[in-house]
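Input sequences plus hints: build the corresponding full structure.
Here is how the chains run, residue by residue.
Protein chains: 2
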Amino acid sequence: EAAAVRAQGEAVRRLKQDKADPDEIAKEVAKLLEMKAQLGGDEGKPKFVLKTPKGTRDYGPKQMAIRERVFNAIISCFKRHGAEVIDTPVFELKETLTGKYGEDSKLIYDLKDQGGELLSLRYDLTVPFARYLAMNKITNIKRYHIAKVYRRDNPAMTRGRYREFYQCDFDIAGQFDPMIPDAECLKIVHEILSDLQLGDFVVKVNDRRILDGMFAVCGVPDSKFRTICSSVDKLDKVPWEEVRSEMVGEKGLSPEAADRIGEYVQLHGGLDLIEQLLQDPKLSQNKLAKEGLGDMKLLFEYLTLFGITGKISFDLSLARGLDYYTGVIFEAVLLQQENEHVEELVGVGSVAGGGRYDGLVGMFDPKGRKVPCVGVSIGIERIFSILEQRLEASEEKIRTTETQVLVASAQKKLLEERLKLISELWDAGIKAEMLYKKNPKLLNQLQYCEDTGIPLVAIVGEQELKDGVVKLRIVATREEVNIRRESLVEEIRTRTSQ
Amino acid sequence: EAAAVRAQGEAVRRLKQDKADPDEIAKEVAKLLEMKAQLGGDEGKPKFVLKTPKGTRDYGPKQMAIRERVFNAIISCFKRHGAEVIDTPVFELKETLTGKYGEDSKLIYDLKDQGGELLSLRYDLTVPFARYLAMNKITNIKRYHIAKVYRRDNPAMTRGRYREFYQCDFDIAGQFDPMIPDAECLKIVHEILSDLQLGDFVVKVNDRRILDGMFAVCGVPDSKFRTICSSVDKLDKVPWEEVRSEMVGEKGLSPEAADRIGEYVQLHGGLDLIEQLLQDPKLSQNKLAKEGLGDMKLLFEYLTLFGITGKISFDLSLARGLDYYTGVIFEAVLLQQENEHVEELVGVGSVAGGGRYDGLVGMFDPKGRKVPCVGVSIGIERIFSILEQRLEASEEKIRTTETQVLVASAQKKLLEERLKLISELWDAGIKAEMLYKKNPKLLNQLQYCEDTGIPLVAIVGEQELKDGVVKLRIVATREEVNIRRESLVEEIRTRTSQ
Numbered sequence: 001e002a003a004a005v006r007a008q009g010e011a012v013r014r015l016k017q018d019k020a021d022p023d024e025i026a027k028e029v030a031k032l033l034e035m036k037a038q039l040g041g042d043e044g045k046p047k048f049v050l051k052t053p054k055g056t057r058d059y060g061p062k063q064m065a066i067r068e069r070v071f072n073a074i075i076s077c078f079k080r081h082g083a084e085v086i087d088t089p090v091f092e093l094k095e096t097l098t099g100k101y102g103e104d105s106k107l108i109y110d111l112k113d114q115g116g117e118l119l120s121l122r123y124d125l126t127v128p129f130a131r132y133l134a135m136n137k138i139t140n141i142k143r144y145h146i147a148k149v150y151r152r153d154n155p156a157m158t159r160g161r162y163r164e165f166y167q168c169d170f171d172i173a174g175q176f177d178p179m180i181p182d183a184e185c186l187k188i189v190h191e192i193l194s195d196l197q198l199g200d201f202v203v204k205v206n207d208r209r210i211l212d213g214m215f216a217v218c219g220v221p222d223s224k225f226r227t228i229c230s231s232v233d234k235l236d237k238v239p240w241e242e243v244r245s246e247m248v249g250e251k252g253l254s255p256e257a258a259d260r261i262g263e264y265v266q267l268h269g270g271l272d273l274i275e276q277l278l279q280d281p282k283l284s285q286n287k288l289a290k291e292g293l294g295d296m297k298l299l300f301e302y303l304t305l306f307g308i309t310g311k312i313s314f315d316l317s318l319a320r321g322l323d324y325y326t327g328v329i330f331e332a333v334l335l336q337q338e339n340e341h342v343e344e345l346v347g348v349g350s351v352a353g354g355g356r357y358d359g360l361v362g363m364f365d366p367k368g369r370k371v372p373c374v375g376v377s378i379g380i381e382r383i384f385s386i387l388e389q390r391l392e393a394s395e396e397k398i399r400t401t402e403t404q405v406l407v408a409s410a411q412k413k414l415l416e417e418r419l420k421l422i423s424e425l426w427d428a429g430i431k432a433e434m435l436y437k438k439n440p441k442l443l444n445q446l447q448y449c450e451d452t453g454i455p456l457v458a459i460v461g462e463q464e465l466k467d468g469v470v471k472l473r474i475v476a477t478r479e480e481v482n483i484r485r486e487s488l489v490e491e492i493r494t495r496t497s498q
Numbered sequence: 001e002a003a004a005v006r007a008q009g010e011a012v013r014r015l016k017q018d019k020a021d022p023d024e025i026a027k028e029v030a031k032l033l034e035m036k037a038q039l040g041g042d043e044g045k046p047k048f049v050l051k052t053p054k055g056t057r058d059y060g061p062k063q064m065a066i067r068e069r070v071f072n073a074i075i076s077c078f079k080r081h082g083a084e085v086i087d088t089p090v091f092e093l094k095e096t097l098t099g100k101y102g103e104d105s106k107l108i109y110d111l112k113d114q115g116g117e118l119l120s121l122r123y124d125l126t127v128p129f130a131r132y133l134a135m136n137k138i139t140n141i142k143r144y145h146i147a148k149v150y151r152r153d154n155p156a157m158t159r160g161r162y163r164e165f166y167q168c169d170f171d172i173a174g175q176f177d178p179m180i181p182d183a184e185c186l187k188i189v190h191e192i193l194s195d196l197q198l199g200d201f202v203v204k205v206n207d208r209r210i211l212d213g214m215f216a217v218c219g220v221p222d223s224k225f226r227t228i229c230s231s232v233d234k235l236d237k238v239p240w241e242e243v244r245s246e247m248v249g250e251k252g253l254s255p256e257a258a259d260r261i262g263e264y265v266q267l268h269g270g271l272d273l274i275e276q277l278l279q280d281p282k283l284s285q286n287k288l289a290k291e292g293l294g295d296m297k298l299l300f301e302y303l304t305l306f307g308i309t310g311k312i313s314f315d316l317s318l319a320r321g322l323d324y325y326t327g328v329i330f331e332a333v334l335l336q337q338e339n340e341h342v343e344e345l346v347g348v349g350s351v352a353g354g355g356r357y358d359g360l361v362g363m364f365d366p367k368g369r370k371v372p373c374v375g376v377s378i379g380i381e382r383i384f385s386i387l388e389q390r391l392e393a394s395e396e397k398i399r400t401t402e403t404q405v406l407v408a409s410a411q412k413k414l415l416e417e418r419l420k421l422i423s424e425l426w427d428a429g430i431k432a433e434m435l436y437k438k439n440p441k442l443l444n445q446l447q448y449c450e451d452t453g454i455p456l457v458a459i460v461g462e463q464e465l466k467d468g469v470v471k472l473r474i475v476a477t478r479e480e481v482n483i484r485r486e487s488l489v490e491e492i493r494t495r496t497s498q
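The listed protein sequences correspond, in order, to chains D and B.
The numbering used here puts the first residue of the first sequence at 1, with every later residue one more than the last.
The numbering used here puts the first residue of the second sequence at 1, with every later residue one more than the last.
If you are wondering where the hints come from, they were derived from the structure by calculation, not from laboratory data.
Bear in mind the structure is a predicted one, so any value in this text is a computation, not a measurement.
Treat the hints loosely; a few may be bogus.
Copies of one chain are not kept apart here, so a pair can be met inside one copy or by any two copies together.
[Claimed, not checked] With a straight-line cut-off of 25 Å between C-alpha atoms, the simulated SDA-like cross-links for lysine to any residue are:
no.	residue 1	residue 2
1	Lys311	Glu424
2	Lys62	Lys137
3	Lys148	Arg226
4	Lys431	Asp177
5	Lys79	Met64
6	Lys79	Lys437
7	Lys251	Asp104
8	Lys431	Gln175
9	Lys413	Gly294
10	Lys471	Asp295
11	Lys412	Cys449
Structural data, given as structure tokens:
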């Protein structure tokens, strides 16, 4: 193993001499350090590494406070739209996930075979949802599901990309009239992104049928639809020239077909573009494209009634990676702002996405019975990253508890009295804390309130006990008032209700 | 493989002839069926099994509604006591979990080695908490953590025992004056179990130091403390005679020592018992036992101030399985009720437990620095099982959404008007649904409200549109009133606020 470390070190030196990509070097150095850590320190014995697994993180109280805010906004929206909630296990039978994710299947985490069933961690919430519907023979449900999913990807944690991350999914399953549920999903994205005040955004919309029709009229052979679709999917990250050379070079598409695609994928707009394409001599001859365009028109009419077309863009370059989509697809991206936060926002990219997948449930049903579905997934980790950075920059102090009052004492030997009072407050539903010391100094108790944002202090003292009162101190103003013990709960409630 | 199935079938027949344990037979039959399923149906091709992994379950909307109620009660209590919240990844480095759980380590789920680090699913929330404290050098925190943990145990799902289950943990870490945080943990158990109205309960309390002192004065050799402690831990499930014969037969303890233990472990009581044992000529000579008894006395004094000693029992037979406890330990059990629910409650057992673990954080700190901790874990799955069964028995109808109003129409061709109205309501924060049909029948719309418990229907019709009103129907009373469109939001709010 020591030899392996040396070899790795050698590789790094060679990379440096060749003036290789600095990212490559950084990667090799990281590998080297990891190997060294595993080999142990100077003593030669293996050393324990105190860390979370690669691509994962702990959430401390401050991060959790932000997370709760975001979750609350999202859950409120889902509930506003009448969704029920379900939960499924974190792992599924391996075969449940098999054949659902195309090339991305290699990113699935498998559990070790310890006897019994072969299991994998869920890769998203959509496949478990489809399994749930088929297993319980549910043909009609509107549900949300907020849970962690797992991908053995190369994490880019500063940009909010992790191996363990939350997804917040809202889906509508059932046979309904066209585009009504689809329009609601877009309305939800619009509501959530507006509510979270992340800055300007646009929701790109396309349809798999329009894409397939487009490929057909451009002269892409049927067998190459999926792989050419994957190439198009890269257009949000790499320029057209690169995508084109991948299509022609690696995937063997004719240059003429690629150029025809190149013209279409530049197009984006609204109802006007839909009308224009419906008149397009080639596209309008293709059955799939025509169906897709017809539905897209209907969708935009509904979105007009919702008053949200200003932030929706019909975009022929949008392809989405996942195999299972069959109709409308969409993706919300934050727009770069020309202000102080510009650096942090670069590369944040997609914060929500989704689409229609009418065939997935049928893959699980023993008789292949289909349940049409459409859904949206909110990319919460990226939203966290933005809000976390924003909060750090702003120096806003965020409370991590909801404690209303600290039960304190000004003199010694009053632990018992503090315990009695705090117990009364807890039993009355007041959020109360005390220091876990027999004889804490008053100054330390007041300092604790300053540090944690507790607004009130209930001070017991010899004299107050005799008089049947408690001294209530308002931390912000340093004002102190004596309150009769039997009125204390009410007084605290009044003073801490907004 | 077919031969394996036959062999398994043979084993089942043999078991039956030998009049073996019916549980054994059931287990063998299950194995057989699983093998058969894997081999495939009559066609001979492997068949896909539509199920969740063994020992896991989905939570449908109804179960989630119960789960939310329970979580809310627990989280309110944790927040009332001023706890912050944290979250950690679902898996940890394998070595983080190594050497923390004694014999139970075999129940840990490992992930497959797919290159990179060796990972395991968390077994509880306590070890990740200790890792978090050591890693972030935190010496002082009061936090809760609600998350799923994983144990490759033999599930008994009807009794609420699963391989994937939630834990709700509250812990206080830091160097404080004795027994103040410990008393608060017991207060929390008392508050939560009272709040959830699960029926009568008792919280058994003991101390690892009292147990160890007791073993010493009974003549148990130091090397046998842990294994004899494991035997004592079984006393809540098996009678003393069996535990005794395990101690003497399997574990090689002298019969005299076992009998002396037998006398102690019968004892349970309150302050009086503590006083009695402090006078016990043998026990009072043992340093550990004396320390433990002194702290137990202090604990009971604090619990008296909290007014909860009525449900607390100092019980010398309580041992707790986990290796890491160092001081006070406790466990809450529901008491059998002599009423209709008696069958369901049998075997529910422990619903909360915890204790002091002063050495665990030090195991992770590179310099072995200790952070004293005490905490409680609420056994939520068993509580769910009880509430679920109770709800089923009661026929109480439980709502799974919070929808306030259904936007409906009485005539055809009003989809656009419904979309416009529902959009206005959503934007005003009203929880609203509509049927995803172009022209739904009014009867179906009203039926949907009956089925799902939506209390109001906002009906748009030609005449109402002309008059600038919406017809609001109260589902329960069938009353209908015309409301001016600009007052509709306010009217819905008023009618749906309790």
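Which hint numbers doesn't this structure obey? 3 and 10
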